[in-house]
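Protein chains in written order, with this note's numbering: chain A, 1 to 296; chain B, 297 to 647; chain C, 648 to 948.
By construction, these hints were calculated from the structure, which means they are not laboratory data. Hints may be right or wrong, so weigh each one.
Between beta-carbon pairs, the in silico distance windows are [to be verified]:
(1) 779/C <-> 282/A: 41 to 47 angstroms
(2) 697/C <-> 261/A: 50 to 56 angstroms
(3) 239/A <-> 891/C: 55 to 61 angstroms
(4) 239/A <-> 725/C: 37 to 43 angstroms
(5) 779/C <-> 45/A: 34 to 40 angstroms
(6) 683/C <-> 354/B: 24 to 30 angstroms
(7) 318/B <-> 839/C: 52 to 58 angstroms
(8) 282/A <-> 848/C: 39 to 45 angstroms
(9) 697/C <-> 378/B: 49 to 55 angstroms
(10) 378/B <-> 848/C: 45 to 51 angstroms
(11) 777/C <-> 404/B: 16 to 22 angstroms
(12) 683/C <-> 358/B: 32 to 38 angstroms
(13) 848/C <-> 592/B: 55 to 61 angstroms
(14) 868/C <-> 458/B: 35 to 41 angstroms
Built from N, CA and C at the ideal position, the CB exists for glycine as well.
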Amino acid sequence: MIEKPTLKSSLKSLLYIAPMMLIITTFNLYPIIRSFLMSFYTDFNIYTQEVNEYGISNFIEVLQDPEFILAIRNTFIFVLGVVPASIIISLGIAVLLNKIKVLSGFFRSIYFLPFVTSTVAISIVWSWIYHSRFGLMNYALGLIGIEPIEFLTDPKYSMLALVIMAIWKGLGFNIILFLVGLNNIDENYYSAAKIDGARGWERFTNITIPLLGPTMFLVSVMGVINSFKVFDEVFALFQSRPGPAGSALTVVYYIFQKFYQESQYGIAAAAGIVLFLIILVFTLIQMAFNKKFVHY
Amino acid sequence: MQVQFKDVTMSYGDKEVLQKISFTIPEGKLVSILGPSGCGKSTTLMLISGLTFPSNGQIFFGDKEVTKYDAVKRKVGMVFQNYALYPHLSVLENIMFPLKMEKMPKKQRQKRALELAQLVQIEDHVDKKPKQLSGGQQQRVAIARALAKEPSILLMDEPLSNLDARLRIEMREEIRRIQQKTGVTTVFVTHDQEEALSISDEVMVLNEGAIQQNSDPITLYKKPKNRFVAQFLGTPIINTIGIEDYPEVLERLNISEEIKQNIETIGLRAEEILTTENKENALFEGIVSHVARVGKDTTVHVKNKEKELVATNLTIIPLEDTEIYLTAQMKDIHFFDHKGQVIEVKEVVMA
Amino acid sequence: MEEIRGKKVPILMKWFKPKTKDKTQLVTVGDKYTRAVAYVLLTIGAFTMLIPFLWMVSTSLKSPAEAVSMPPIWIPKSFKVENFLKAFEVAPFGRYFLNSVLITSLSTIGELLTTILAAFAFAKMQFYGKNLLFTILIATMMVPGELLIIPNYLTISRLGLINTYAAMIVPYVASVFSVFMLKQNFESVPNELYYAAKVDGSSDFKFLWTIMVPLSKSAIVAVSILKIIGSWNAFMWPLIVTNDRMLRPLPVGLQAFTTEAGTQYELLMAASVIVVAPMVIIYLFLQRYIIMGVSKSGLKG
Numbered sequence: 001m002i003e004k005p006t007l008k009s010s011l012k013s014l015l016y017i018a019p020m021m022l023i024i025t026t027f028n029l030y031p032i033i034r035s036f037l038m039s040f041y042t043d044f045n046i047y048t049q050e051v052n053e054y055g056i057s058n059f060i061e062v063l064q065d066p067e068f069i070l071a072i073r074n075t076f077i078f079v080l081g082v083v084p085a086s087i088i089i090s091l092g093i094a095v096l097l098n099k100i101k102v103l104s105g106f107f108r109s110i111y112f113l114p115f116v117t118s119t120v121a122i123s124i125v126w127s128w129i130y131h132s133r134f135g136l137m138n139y140a141l142g143l144i145g146i147e148p149i150e151f152l153t154d155p156k157y158s159m160l161a162l163v164i165m166a167i168w169k170g171l172g173f174n175i176i177l178f179l180v181g182l183n184n185i186d187e188n189y190y191s192a193a194k195i196d197g198a199r200g201w202e203r204f205t206n207i208t209i210p211l212l213g214p215t216m217f218l219v220s221v222m223g224v225i226n227s228f229k230v231f232d233e234v235f236a237l238f239q240s241r242p243g244p245a246g247s248a249l250t251v252v253y254y255i256f257q258k259f260y261q262e263s264q265y266g267i268a269a270a271a272g273i274v275l276f277l278i279i280l281v282f283t284l285i286q287m288a289f290n291k292k293f294v295h296y
Numbered sequence: 297m298q299v300q301f302k303d304v305t306m307s308y309g310d311k312e313v314l315q316k317i318s319f320t321i322p323e324g325k326l327v328s329i330l331g332p333s334g335c336g337k338s339t340t341l342m343l344i345s346g347l348t349f350p351s352n353g354q355i356f357f358g359d360k361e362v363t364k365y366d367a368v369k370r371k372v373g374m375v376f377q378n379y380a381l382y383p384h385l386s387v388l389e390n391i392m393f394p395l396k397m398e399k400m401p402k403k404q405r406q407k408r409a410l411e412l413a414q415l416v417q418i419e420d421h422v423d424k425k426p427k428q429l430s431g432g433q434q435q436r437v438a439i440a441r442a443l444a445k446e447p448s449i450l451l452m453d454e455p456l457s458n459l460d461a462r463l464r465i466e467m468r469e470e471i472r473r474i475q476q477k478t479g480v481t482t483v484f485v486t487h488d489q490e491e492a493l494s495i496s497d498e499v500m501v502l503n504e505g506a507i508q509q510n511s512d513p514i515t516l517y518k519k520p521k522n523r524f525v526a527q528f529l530g531t532p533i534i535n536t537i538g539i540e541d542y543p544e545v546l547e548r549l550n551i552s553e554e555i556k557q558n559i560e561t562i563g564l565r566a567e568e569i570l571t572t573e574n575k576e577n578a579l580f581e582g583i584v585s586h587v588a589r590v591g592k593d594t595t596v597h598v599k600n601k602e603k604e605l606v607a608t609n610l611t612i613i614p615l616e617d618t619e620i621y622l623t624a625q626m627k628d629i630h631f632f633d634h635k636g637q638v639i640e641v642k643e644v645v646m647a
Numbered sequence: 648m649e650e651i652r653g654k655k656v657p658i659l660m661k662w663f664k665p666k667t668k669d670k671t672q673l674v675t676v677g678d679k680y681t682r683a684v685a686y687v688l689l690t691i692g693a694f695t696m697l698i699p700f701l702w703m704v705s706t707s708l709k710s711p712a713e714a715v716s717m718p719p720i721w722i723p724k725s726f727k728v729e730n731f732l733k734a735f736e737v738a739p740f741g742r743y744f745l746n747s748v749l750i751t752s753l754s755t756i757g758e759l760l761t762t763i764l765a766a767f768a769f770a771k772m773q774f775y776g777k778n779l780l781f782t783i784l785i786a787t788m789m790v791p792g793e794l795l796i797i798p799n800y801l802t803i804s805r806l807g808l809i810n811t812y813a814a815m816i817v818p819y820v821a822s823v824f825s826v827f828m829l830k831q832n833f834e835s836v837p838n839e840l841y842y843a844a845k846v847d848g849s850s851d852f853k854f855l856w857t858i859m860v861p862l863s864k865s866a867i868v869a870v871s872i873l874k875i876i877g878s879w880n881a882f883m884w885p886l887i888v889t890n891d892r893m894l895r896p897l898p899v900g901l902q903a904f905t906t907e908a909g910t911q912y913e914l915l916m917a918a919s920v921i922v923v924a925p926m927v928i929i930y931l932f933l934q935r936y937i938i939m940g941v942s943k944s945g946l947k948g
């Protein structure tokens with residue numbers, strides 16, 4: 001069935017892929033190369049877009065910039081705060097959803113709802129919930145006897161505020177993936193495990209968890225990648241500032257600042273490359289982990 | 297352990313899969329549950345295992361009622377149709393799994409699992425993952441796993457259906473060997489009559505949720521209780537002749553008139569059909585429509601009007617398109633009434 | 648995950664239908680007690696998930712005094728629908744809304760055109776370097792989009808498109824992800840159909856639009872809706888390439904409104920409702936496709 005490509009068929013195919021390739025090349029492929037090059041621009045004229053000098057000083061500057069170090073630190077805290085908690089909660093919900101029949105779709109719809117909403121709009125809603133005097137959160141905490149917390153103005157709590165909102169927003173996506181994963185586990189394994197004397201929790205740890213390995217891997221990789229790129233949430237939650245006293249400055253926010261507010265293109269590009277490398281390394285570590293523990 | 301069903305009914309919604317069935321599976325025997333697909337045989341197995349529960353009726357293991365016990369509590373061993381080996385565990389870990397659930401110490405677990413691996417002759421592959429094994433090897437692992445916790449009952453759900461023909465015969469004998477060596481009460485579900493007849497001490501034939509017959513394989517074949525059993529067992533399928541279309545059949549049999557009235561059909565196994573020279577003795581006469589020779593076997597098809605009889609054990613090999621008279625010994629003829637039940641018929645000794 | 652690739656959409660949909668009622672299914676549905684616990688937990692969780700939405704809608708209908716009352720009021724005495732009108736007065740939300748509609752619809756239509764053509768070529772046509780090109784495209788999905796913003800900004804400014812609708816549309820009228828998803832679907836359409844159409848004298852182009860596209864309807868709808876959601880909610884890029892207030896799409900306008908509205912939370916929430924509501928409505932009607940798209944997107948990895 002497989003035909004060999006010919007010159008004629010290739011030319012014809014070219015017509016079909018040309019519009020897509022034009023856009024992707026201009027706005028996806030070229031910029032990848034260009035941003036890599038830009039990170040080495042040390043003397044660049046933005047108006048004429050002329051480069052006078054290349055070097056690695058951008059990287060040195062970025063890596064020595066305490067702001068950048070702070071941004072990296074905050075981003076890691078964010079990733080560590082969001083990803084594991086989100087995985088545990090969404091797995092729990094997916095398992096529960098899988099247990100019931102009636103209303104299962106209804107519940108799924110509710111949990112997924114935040115996914116379709118504008119991050120900016122919903123962050124503004126959350127900033128109102130976090131309001132120190134009139135916010136719902138402090139009211140609820142007050143009911144259980146906790147003093148009001150300045151979520152958005154106290155640097156100690158800004159990350160917590162961001163993490164709670166991000167978990168809320170991302171749950172639905174993970175739940176959907178876990179549901180697909182759970183559905184792919186053959187019912188027979190559960191029957192066999194029951195016969196073999198495994199009780200409910202033992203079946204969960206011995207069958208569900210290991211057989212969910214590939215999904216777990218997928219969810220964690222996607223969660224880590226997305227969390228490393230957090231920006232909109234910060235911008236909207238803290239009203240166009242990286243949190244009180246820079247306490248919620250993330251790597252992408254740092255790039256945005258350097259590029260948009262300070263016009264330091266080379267620095268911004270170098271920070272972007274560093275971010276890319278961090279994500280890459282994390283993905284590779286997860287892949288290695290996956291290969292070692294998820295094999296069948 | 298002996299398994300007993302008392303008036304067990306199983307229904308899904310409006311559909312009754314099993315209708316008030318009662319039976320006893322004796323301890324230490326290998327019993328097959330045989331029937332066409334959808335007859336309720338897998339459901340029966342699930343009910344024994346405790347993976348599902350009856351709508352009505354009681355189930356006993358020995359003297360103990362276990363109707364309400366779930367699979368974890370019933371502690372039976374089970375081999376699934378697709379084996380259901382845990383894909384993330386090695387062969388040895390699969391065999392050890394039930395022991396791990398019993399919280400047996402690890403050393404002991406390993407020792408026991410290795411013994412079982414030897415029993416099923418899979419000891420050379422214990423470190424492999426199920427995916428790396430052939431169908432027959434997976435089957436062996438599944439059996440070992442099912443036997444690991446020394447279950448009082450071993451259940452097998454169409455265990456051979458995923459294997460190719462040659463392997464099926466090999467594994468069949470293997471299962472028999474293992475069963476006899478361990479002496480575990482075994483229930484074997486299959487739709488393959490040959491499998492059931494060759495492997496079992498007893499066969500229970502199920503159809504449409506009801507037990508048709510429950511006996512040893514030879515009785516089952518020689519003395520079927522009804523038309524369904526007679527037709528379900530044996531290849532080629534038993535020849536049946538309707539009295540309505542061939543009234544002359546009864547005239548040529550020496551049986552009492554009052555019994556004759558109840559007979560609707562007679563059945564003749566292909567291998568028990570004989571030829572006769574004498575038209576007066578013939579139960580069936582017709583033209584030889586086809587003679588098929590495969591190796592040492594010869595199958596003769598004889599046709600009269602719409603009816604075609606198949607005979608496999610004739611002493612002569614007739615020519616096609618010649619006329620032939622067929623008969624059988626009285627003891628080999630099966631008589632069925634209009635409900636399909638067997639009628640016991642004694643030959644009237646002619647004065 | 649491999650075996651899922653290349654399978655038909657109907658097979659994908661199957662995951663979300665209730666499992667067939669065979670004997671094993673009866674076994675796995677948890678017993679009554681577990682199910683009761685599941686319902687309780689899920690209800691509590693669902694309620695928690697909904698609180699921000701309820702709070703947003705509730706506040707948007709309150710009077711200024713009710714908005715800041717403690718303890719909080721969930722149902723205002725009278726619904727202040729005029730908050731929405733006020734929001735439209737204080738900031739040009741009507742204009743923002745139209746901008747969003749324009750940008751979203753044009754980039755979605757554009758993306759569908761380019762990706763359907765390209766996906767067809769990758770799925771059914773033969774050309775030199777096909778596999779290499781496809782691998783390169785897939786590899787670009789690894790790179791975070793944020794990295795591309797700086798060079799893309801320079802490209803757009805060089806093209807003189809800063810502060811235009813085009814700046815927000817053109818870079819997004821193609822997507823590797825959509826090409827990938829549609830290619831998988833197109834591949835599941837049997838080659839025999841393609842050859843039969845060819846024998847009947849149909850051109851490739853005609854085959855694509857009259858047979859392939861209708862057959863892949865649900866996948867195309869899924870891709871479109873994910874695109875619409877992404878485009879409607881996009882924030883960083885429109886923020887960067889627009890200075891002109893009148894060009895802003897909703898999220899950028901809303902963000903600016905936070906400084907304009909100051910502490911008038913009822914107006915801020917009304918504005919948030921305006922941004923969030925359209926996607927929620929689309930979701931309620933087409934969630935089947937959205938969820939299908941998301942689960943498939945999860946499988947691309």
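Hints, verified against the model:
{"no.": "1", "hint": "779/C <-> 282/A: 41 to 47 angstroms", "verdict": "27 angstroms, violated"}
{"no.": "2", "hint": "697/C <-> 261/A: 50 to 56 angstroms", "verdict": "37 angstroms, violated"}
{"no.": "3", "hint": "239/A <-> 891/C: 55 to 61 angstroms", "verdict": "22 angstroms, violated"}
{"no.": "4", "hint": "239/A <-> 725/C: 37 to 43 angstroms", "verdict": "30 angstroms, violated"}
{"no.": "5", "hint": "779/C <-> 45/A: 34 to 40 angstroms", "verdict": "36 angstroms, holds"}
{"no.": "6", "hint": "683/C <-> 354/B: 24 to 30 angstroms", "verdict": "28 angstroms, holds"}
{"no.": "7", "hint": "318/B <-> 839/C: 52 to 58 angstroms", "verdict": "55 angstroms, holds"}
{"no.": "8", "hint": "282/A <-> 848/C: 39 to 45 angstroms", "verdict": "54 angstroms, violated"}
{"no.": "9", "hint": "697/C <-> 378/B: 49 to 55 angstroms", "verdict": "42 angstroms, violated"}
{"no.": "10", "hint": "378/B <-> 848/C: 45 to 51 angstroms", "verdict": "47 angstroms, holds"}
{"no.": "11", "hint": "777/C <-> 404/B: 16 to 22 angstroms", "verdict": "58 angstroms, violated"}
{"no.": "12", "hint": "683/C <-> 358/B: 32 to 38 angstroms", "verdict": "35 angstroms, holds"}
{"no.": "13", "hint": "848/C <-> 592/B: 55 to 61 angstroms", "verdict": "59 angstroms, holds"}
{"no.": "14", "hint": "868/C <-> 458/B: 35 to 41 angstroms", "verdict": "39 angstroms, holds"}
Hint violations for this structure: numbers 1, 2, 3, 4, 8, 9, 11, all remaining hints satisfied.
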